[in-house]
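Trainee: Work the whole structure out from these sequences, hints included.
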Amino acid sequence: MNAGIIGGWYSPHPPIIIPAVGQGEEKEAQATIEAMQQAAAAMVDLKPETIILIGSHGPIFSDSFSLEVGPNLSGSFASFGAAGECITVTCDQSLLTAVLSVAEQKQLPLAGLTDRLKRRMNLPLSLDHGALVPLWYLRQAGSGDLPPLVIINVAGLPLEEHYALGVAIQAAVQEQGKRVGIIASGDLSHRLSPVAPAGYHPEAHLFDEAVTEIFASQSPWDLARLEELGQVAGECGLRPLVVFLGCFEGLAGESKVLSYEAPWGVGYLVAWQQVSEGQGAVNLPRLLASRQARVAEQRANESPLVRLARQAVETYVGEGRVLSQLPPLPAELPVRAGAFVTIYKHGQLRGCIGTTEPTCPTLAAEIVRNAISAATEDPRFYRVEPEELASLVYSVDVLGEPEAIANEEELDPETYGVIVERGRRRGLLLPDLPGIDSIQEQVRVAKLKAGIGPQEPVKLYRFTVTRFH
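Per our numbering: the sequence shown = residues 1 to 469.
One or more hints might be untrue.
25 Å max Cα-Cα, derived BS3-like pairs, lysine-lysine [stated by the list, open to error]: (1) K27 x K256; (2) K449 x K345; (3) K256 x K459; (4) K345 x K106; (5) K449 x K459; (6) K47 x K256; (7) K106 x K178.
Just so you know, the hints here were simulated from the structure itself, not pulled from any lab data.
Please read these numbers as outputs of a predicted model, since none were measured by experiment.
Mentor: Laid out in structure tokens, this is it:
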């Protein structure tokens, strides 16, 4: 290919595979090292004019992608004990401007991060290890030289928007008429063994197998399934992967796995995407339609309580009034109870507010009040806007009576929610939440929410919930 995206490298980023950091321990990941050398050499052989690197450890925002802006970017492995290993890169100003422009045209949120803005936001100025590790290998393969770069960070946005960003990147590259290589930097599951940094989960390997299969067989992939598997994997590579896949939308080519291993309980995949002449699969319309179909299916099967919560939010946000005609609820439900309403947008939390004890005359009124609060008063999020309403999905938890318990041994994070209390400080965590797999983690997060120190003694209460979707 003369111009456009010419190839791609999916790269892990453990600093330990840098010899000055590993000090010999890197040999336990020898297959990864050899594959990184192979991928870097393949990228150099393509003679790219610019590299676009998709990272997961730069500044991450819940509502916007970000792009590193500056004439030069630099970083080192000093925090990993190897201050002498430094990398400085030049930014491709024309291409980063083109990416920003195309993203704006496609209504994708992409913020340019200058050093001045980073200082104002108290963000690190230097390159993170997610960028440094693949760049170190690329520099080695290029005899010390690195082409100009554009570095883009993923976000807390839906996976479909990450894919759309990849499509926008490809459009910007074509507009510039340059030969551009893509690097996506991310590790797979961090929970593959008892020694893994995020603890062990028996199903974590399924995520790694699914991602590896994408490159090994070029089989069709399902974003919803990948997202579901990623929730238990503790990964940092899914969003870079999805942007990477979007970059190759409609391009013919072949992919292959160069290596996969998990020497320290973290999955390291090195894969290569070759581009050839011809037409490849176009996936974005399918992804957007699938997302809309999932929401429609959930709406069609929602329980009466969830329907009430949704109608309360739609009436308040869309019409500016509180729902007044409250329907009768199923007879088996309590007349009054505490309740939590949780709102999701494209699989991501959008708001959650609730009460541990009843504060309204009826459960229906409790749900209406808490649904409106979840949409408009959760301090972690902006208020829900009218244009978001069609994309929102809800769940309602009806709480049982809290009971005091003597110690943590009486907890079970799958069955019981927990309330921690110290003086006037009180924190609550619902049961059966993604990522909360131990009693210790459940209590830790509940204390954190209450502003209670990890070593401070607390009164403990447990409660059951009935969850409605």
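Trainee: Going straight from one Cα to the other, do K345 and K106 come out at no more than 25 Å?
Mentor: Judged against 25 Å, a Cα distance of about 20 Å means the pair holds.
Trainee: K256 and K459 were given as a pair; does the straight-line alpha-carbon distance stay at or below 25 Å?
Mentor: 54 Å, violated
Trainee: Please work out if K449 and K345 have their alpha carbons no farther apart than 25 Å.
Mentor: Distance of about 22 Å is within 25 Å: holds.
Trainee: Verify the proposed pairing of K449 with K459, using a straight-line Cα cut of 25 Å.
Mentor: 15 Å, holds
Trainee: Do the alpha carbons of K27 and K256 lie within 25 Å of each other, as the hint requires?
Mentor: OK: K27 and K256 at ~23 Å, within 25 Å.
Trainee: Hinted pair, alpha-carbon criterion (25 Å max): K47, K256. Please report holds or violated.
Mentor: 20 Å, holds
Trainee: Are K106 and K178 close enough, with their CA atoms no more than 25 Å apart?
Mentor: Roughly 21 Å between the alpha carbons, so the hint for K106 and K178 holds.
Violated hints amount to a single one, hint 3; each of the other numbered hints is respected by the structure.
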